[in-house]
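Hints are included, so try docking the two chains, each in its own frame, into the full complex.
The primary structure of each chain is shown beneath.
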Amino acid sequence: MGPDPDAALMLAFQQGDEGAFRSLYERHARAMFAFCHRFVRDAARAEELAQDVFVSLHRSRDRYRPSARFKTFLYRVATNHCLNELRRREHALRQEAEGPGEEPVDMDVLASGAASPEEHYHARVLEAAVKELLARLPEKQRAALVLCRFEGLSYEEIAQVLETSVSAVKSLVHRATVAAAEALAPQHPLAREALP
Amino acid sequence: MTHPREDLTALIDGALPATRAAEVRTHLGSCPACREEEARLRQALSALAALPPPPELPPFFATRLEARLRQERARPRTLLAWRWILQVPRPRLVAIAGGVAALAIAVAVPARSYLETRAMVRDLDLLQDYETASALDVDTPEDAQLVAHLDQLLPSGGRP
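The listed protein sequences correspond, in order, to chains A and B. This note's numbering applies: residue 1 is where the first sequence begins, and numbers increase by one. This note's numbering applies: residue 197 is where the second sequence begins, and numbers increase by one.
Derived by calculation from the structure, the hints in this document are not laboratory data. We treat Cβ as the ideally placed atom computed from N, Cα and C, and that holds for glycine. There's no promise every hint is true.
Unchecked claim - Each pair of labels, with its calculated beta carbon distance range:
1. B:VAL303 / A:SER167: 50 to 56 Å
2. B:ARG216 / A:SER67: 29 to 35 Å
3. B:PRO213 / A:TYR121: 40 to 46 Å
4. A:PRO3 / B:ARG216: 32 to 38 Å
5. A:ARG65 / B:ALA235: 32 to 38 Å
6. A:GLU118 / B:ALA245: 15 to 21 Å
7. A:PRO5 / B:LEU224: 39 to 45 Å
8. B:VAL296 / A:ALA44: 42 to 48 Å
9. B:ALA304 / A:SER167: 51 to 57 Å
10. A:ALA44 / B:ALA304: 47 to 53 Å
11. B:ALA214 / A:TYR121: 27 to 33 Å
12. A:ALA185 / B:PRO228: 14 to 20 Å
13. B:PRO228 / A:VAL166: 27 to 33 Å
Excised from the complex, chain B in its bound form (with noise of 0.2 Å):
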């Protein structure tokens, strides 16, 4: 039999089954290197079991804690209520993750569009000349803008 130093601990808590525990016995009794193992480990544990007990409850424990549930109570259910996320199967939050970002991008390109329209309608409300803007053929906002400060183009200062 090997030296069975990895069941040493285990029997001293008589943790190993009755049929192991009896084996490292036998094995105890013909080798003086486990038995020593087992006296250092025994030592050991005395020496643990020594140790001076955990101090009493602080005087102002309960006091205390209950200040924190008081504000624990006080936090919006909101905050609480996406807790519910963490609960949800991994592939139903992917789904969901996915129809998510769909949607964002559902309302951002046309968001993006009208923001642009938006833009390019304040700098053709510069030109106050539409008929202009129309015959220029201004159909971006980059060719608004570009419109609308042409005067900064003309090298007498923007009169013409």
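Just chain A, same shape as in the assembly (with noise of 0.2 Å):
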């Protein structure tokens, strides 16, 4: 494992370098943004927990020990937040999972840059099954599914920042990867009119 970067920059931001947080910011503010975005697939909710994950590196900082690569310990700071998130709000997840035919609009889905009105009308329908998905997924399988197919880290690094070993982070994806197949199937009503 080579030098860390982040490590060091944490590091100097212990000894009081508000300069360093800063570069830490500008290195990861829109990965942790689009990290909250792709767990809860909610723009507000993913600003709010994003910075929620800076402020608590902000208040942590005297107790932060690089033993672990610092993008892994950013991740395990997100992970926990979208998790605890997703507890507070479960019982609203289970409303909208009941009618993910009636979800509003999503802007940002629809500026993201599908070129034309049909191709933002299946991002749209895509969008809507894979929210409805996340919200069935088991807290931990939803973790491992965000972090291993949307953020694309390795099972050692979805071990490190679940703090679990490898072969239950290999279940995990597996099983969450068997739900999303079932529930983007071609034969899923969601799905059919998602997928071409």
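Given below as structure tokens:
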């Protein structure tokens, strides 16, 4: 494992260098917002959660120990915040999952680069199907799926983030992928609309 | 070989050890059911990859975060100082808690005794006759209160 520039920045921040914290923010703010958005699929909640991550980082500077790569540490903080948020909003999520066909239009999705109205529509339907899938997954599977499929973390890195074994991650990722296959299968009503 | 379905996702992700990956691939070559399952999983991954990218960072994200951090810096350090308690090893925490409880008892018992004495003195003051109180053998706050309100027990509204 090579030197970790983020860990060095965090240690500098620990010594009182606020500029180091700003550098960490600049390096990771977008990624943290994207991660939280992929986790909760809601821009306003994702912003709040990503800010929580940086506030936690600021608050816990004295306790930081560079025992793992900073990226892993940051994803662990973010995952915990997202899971706590999901637990708090479990009831609301259940209600959302009951009526995915009546999802309001997510302007973020519509503005995200799909070219034609038809593609906008398919993107929206796929987004709704994935949102429903994530809402139904047990929380560890959800975290493993997001970290693996959207963040591109290796099984070893996910194991560090979730503080579990690599074999447990293998099982979590597999079960979540099987659930995704069922939810996004061509015969699934939502996926049939979304997939070409 | 039994169907290695649990390994199919790890095979697609390139997360299987080389020897195990070779075994699974050999099995796939002769098992249409597992090939179908692998194709289903790959299709799901393609669908997930087709999701639109997340939106850009909201325009005032940094400003709002800075405002929150200003509040954070303004928080009294005394509140933050109590966070050390989370880092104390549990056995030591139990010992500290025991000590605090013992101290609380040591302080609370005399304090209660003092408060009772004060209450008794207040009631005795009402008597305005300490000799009488002494003669009545007043030992407890309840005794003192009873003596203080003896007049209310008289049938003629308090006048002897």
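Structure-based check of each hint:
1. B:VAL303 / A:SER167: 50 to 56 Å: 54 Å, holds
2. B:ARG216 / A:SER67: 29 to 35 Å: 30 Å, holds
3. B:PRO213 / A:TYR121: 40 to 46 Å: Check passed, 43 Å falls within 40 to 46 Å.
4. A:PRO3 / B:ARG216: 32 to 38 Å: 33 Å, holds
5. A:ARG65 / B:ALA235: 32 to 38 Å: 45 Å, violated
6. A:GLU118 / B:ALA245: 15 to 21 Å: Holds, at about 19 Å.
7. A:PRO5 / B:LEU224: 39 to 45 Å: 42 Å, holds
8. B:VAL296 / A:ALA44: 42 to 48 Å: Roughly 43 Å apart at Cβ, these two residues keep to the hinted range, so it holds.
9. B:ALA304 / A:SER167: 51 to 57 Å: 54 Å, holds
10. A:ALA44 / B:ALA304: 47 to 53 Å: 50 Å, holds
11. B:ALA214 / A:TYR121: 27 to 33 Å: Given a distance of about 44 Å, which is not inside 27 to 33 Å, the answer is violated.
12. A:ALA185 / B:PRO228: 14 to 20 Å: Taking Cβ atoms as reference, ALA185 of chain A and PRO228 of chain B lie about 18 Å apart, which means the hint holds.
13. B:PRO228 / A:VAL166: 27 to 33 Å: For VAL166 of chain A against PRO228 of chain B, whose Cβ atoms are near 30 Å apart, the range 27 to 33 Å holds.
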